[in-house]
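*Asks:* Sequence:
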Amino acid sequence: MESCLKCGSPMNAKDLICSVCGQNDYDEYQLIRNYVKTYPNSNAMQIANATGISISKILRFIKSGSLTVVDQDVHRRS
1 MESCLKCGSP MNAKDLICSV CGQNDYDEYQ LIRNYVKTYP NSNAMQIANA
51 TGISISKILR FIKSGSLTVV DQDVHRRS
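Position 10 of the sequence shown, counted from 1, bears residue number 10 in our numbering, the numbering being contiguous throughout.
There may be inaccurate statements among the hints.
[Unchecked claim] Here are the simulated distance ranges between beta carbons:
no.: 1; residue 1: Leu5; residue 2: Pro40; range: 31 to 37 Å
no.: 2; residue 1: Tyr26; residue 2: Met1; range: 28 to 34 Å
no.: 3; residue 1: Val20; residue 2: Ala50; range: 20 to 26 Å
no.: 4; residue 1: Met1; residue 2: Asn49; range: 25 to 31 Å
Keep in mind the hints are simulated off the structure, nothing from the lab. What you are looking at is a predicted structure, and each value in this text was computed from that prediction instead of being measured. Think of the CB as a built atom: it goes at the ideal place given N, C-alpha and C, for glycine as much as any other residue.
Produce the entire structure from the sequences given, and follow the hints as far as they go.
*Replies:* Right under this line is the structure:
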């Protein structure tokens, strides 16, 4: 039996994190997504301050491709 990479709890060997940590990640992702839908021009610091989710976790979601960054300057260059 393997241990969760986040909390160390025993879990199935096929997964990297346990179901509790996976659900926590999903819940935080949904919170970030909902915030960004309401405030689409927010930066990572604003999202972190509003949601209580760490900047490093927000940046991990971006790096993994779960969240995308839109360059607002591209839209202004018409």
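*Asks:* Could you run down the list of hints and mark each one as holding or not?
*Replies:* Comparing the hints with the structure gives:
1. Separation of leucine 5 from proline 40 is about 32 Å and conforms to the stated range, judged on CB atoms against 31 to 37 Å.
2. Distance hint for tyrosine 26 and methionine 1: a CB-CB separation of about 23 Å, inconsistent with the stated range 28 to 34 Å.
3. Here the CB-CB span from valine 20 to alanine 50 is close to 24 Å, well matched to the stated 20 to 26 Å.
4. The hint said 25 to 31 Å for the Cβ distance between methionine 1 and asparagine 49, and at roughly 39 Å that hint is violated.
Checked against the numbered hints above, the structure violates hints 2 and 4; every other hint is satisfied.
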